[in-house]
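Input sequences plus hints: build the corresponding full structure.
Which chain is which? The protein sequence lines are F and L, in order. First residue of the first sequence: 1, per my numbering; consecutive thereafter. First residue of the second sequence: 1, per my numbering; consecutive thereafter.
Derived from the structure by calculation, the hints contain no laboratory data. Don't take every hint at face value.
[As the list claims (entries may be wrong)] Each pair of labels, with its calculated beta carbon distance range: (1) Glu53(L) / Gly58(F): 34 to 42 Å; (2) Ala3(L) / Asp62(F): 26 to 34 Å; (3) Leu83(L) / Phe105(F): 34 to 42 Å; (4) Phe105(F) / Lys9(L): 40 to 48 Å; (5) Glu20(F) / Ala3(L): 29 to 37 Å; (6) Met84(F) / Lys52(L): 42 to 50 Å; (7) Thr13(L) / Pro75(F): 44 to 52 Å; (8) Ser82(F) / Val12(L): 23 to 31 Å.
[What the hints assert, rightly or not] Per the computed footprint, the stretches of chain F lying under chain L, defined by three or more beta-carbons under 8 Å from a beta-carbon of chain L, are: (9) 38-45; (10) 69-83.
[To be verified] Simulated pairs of lysine-lysine, DSS-like, Cα-Cα distance not exceeding 30 Å: (11) Lys22(F) / Lys40(L); (12) Lys41(L) / Lys57(F); (13) Lys65(F) / Lys44(L); (14) Lys93(F) / Lys9(F); (15) Lys9(F) / Lys41(L); (16) Lys93(F) / Lys36(L); (17) Lys19(L) / Lys9(L).
No residue lacks a Cβ here, since even glycine has one placed at the ideal position from N, Cα and C.
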Amino acid sequence: AQRVTQPEKLLSVFKGAPVELKCNYSYSGSPELFWYVQYSRQRLQLLLRHISRESIKGFTADLNKGETSFHLKKPFAQEEDSAMYYCAIATDKLIFGTGTRLQVFP
Amino acid sequence: DTAVSQTPKYLVTQMGNDKSIKCEQNLGHDTMYWYKQDSKKFLKIMFSYNNKELIINETVPNRFSPKSPDKAHLNLHINSLELGDSAVYFCASSQGGARQPQHFGDGTRLSIL
Chain F
1 AQRVTQPEKL LSVFKGAPVE LKCNYSYSGS PELFWYVQYS RQRLQLLLRH ISRESIKGFT
61 ADLNKGETSF HLKKPFAQEE DSAMYYCAIA TDKLIFGTGT RLQVFP
Chain L
1 DTAVSQTPKY LVTQMGNDKS IKCEQNLGHD TMYWYKQDSK KFLKIMFSYN NKELIINETV
61 PNRFSPKSPD KAHLNLHINS LELGDSAVYF CASSQGGARQ PQHFGDGTRL SIL
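So this is what it looks like as structure tokens:
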């Protein structure tokens with residue numbers, strides 16, 4: 001069965017600290033993986049997708065097929081990064097992980 | 001210009017009532033979706049339509065009936081509302097199916113009294 005696991009419900013860091021939001025998936029085919037972000041009082045929006053291999057707002061994510069992981073990383077967290085982050089795998093539908101709330105303290 | 005718009009934003013109603021949520025997208029996308037976000041913020045697909053045709057029905061109770069009059073609109077009608085239907089419902093759209101980036105609406109917060 002297709003599944004996305006985000007083991008941390010809440011991740012709290014201080015401004016300037018490195019951040020890694022973990023995501024593991026189970027899928028036997030060729031996955032399309034995404035990170036979506038929901039800032040306070042805003043709509044859910046795409047942060048990045050694995051095939052574009054780009055950095056958005058300083059975030060990167062590398063697909064590791066051996067470990068079936070797609071962790072989201074940022075070397076220096078900013079207060080404006082505080083939000084809910086969802087990892088998702090796309091097959092014939094988009095399956096979301098349970099989300100990780102990132103809190104960045106000043 | 002709002003890309004994906006849902007109405008209403010808030011819906012408060014009593015158990016047993018019937019209600020509808022409307023969604024419109026002006027992005028020219030061919031696929032639209034309804035998601036349910038529960039109190040623990042878990043997001044789950046409910047329905048997916050491609051060019052007005054239902055392609056995903058994720059074991060949703062048949063009290064929920066989506067309708068797509070054209071590819072820019074996907075409405076959700078809910079009959080005989082139950083307490084467990086309280087949630088935030090998100091509409092989304094994409095071009096080329098679920099493997100493409102999706103654009104989401106602001107959500108409709110449904111509260112059942």
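Hints, verified against the model:
no., hint, verdict
1, Glu53(L) / Gly58(F): 34 to 42 Å, "holds (40 Å)"
2, Ala3(L) / Asp62(F): 26 to 34 Å, "holds (29 Å)"
3, Leu83(L) / Phe105(F): 34 to 42 Å, "holds (37 Å)"
4, Phe105(F) / Lys9(L): 40 to 48 Å, "violated (31 Å)"
5, Glu20(F) / Ala3(L): 29 to 37 Å, "holds (31 Å)"
6, Met84(F) / Lys52(L): 42 to 50 Å, "violated (32 Å)"
7, Thr13(L) / Pro75(F): 44 to 52 Å, "holds (47 Å)"
8, Ser82(F) / Val12(L): 23 to 31 Å, "holds (29 Å)"
9, 38-45, "holds (count 3)"
10, 69-83, "violated (count 0)"
11, Lys22(F) / Lys40(L), "holds (18 Å)"
12, Lys41(L) / Lys57(F), "holds (23 Å)"
13, Lys65(F) / Lys44(L), "holds (24 Å)"
14, Lys93(F) / Lys9(F), "holds (23 Å)"
15, Lys9(F) / Lys41(L), "holds (10 Å)"
16, Lys93(F) / Lys36(L), "holds (14 Å)"
17, Lys19(L) / Lys9(L), "holds (13 Å)"
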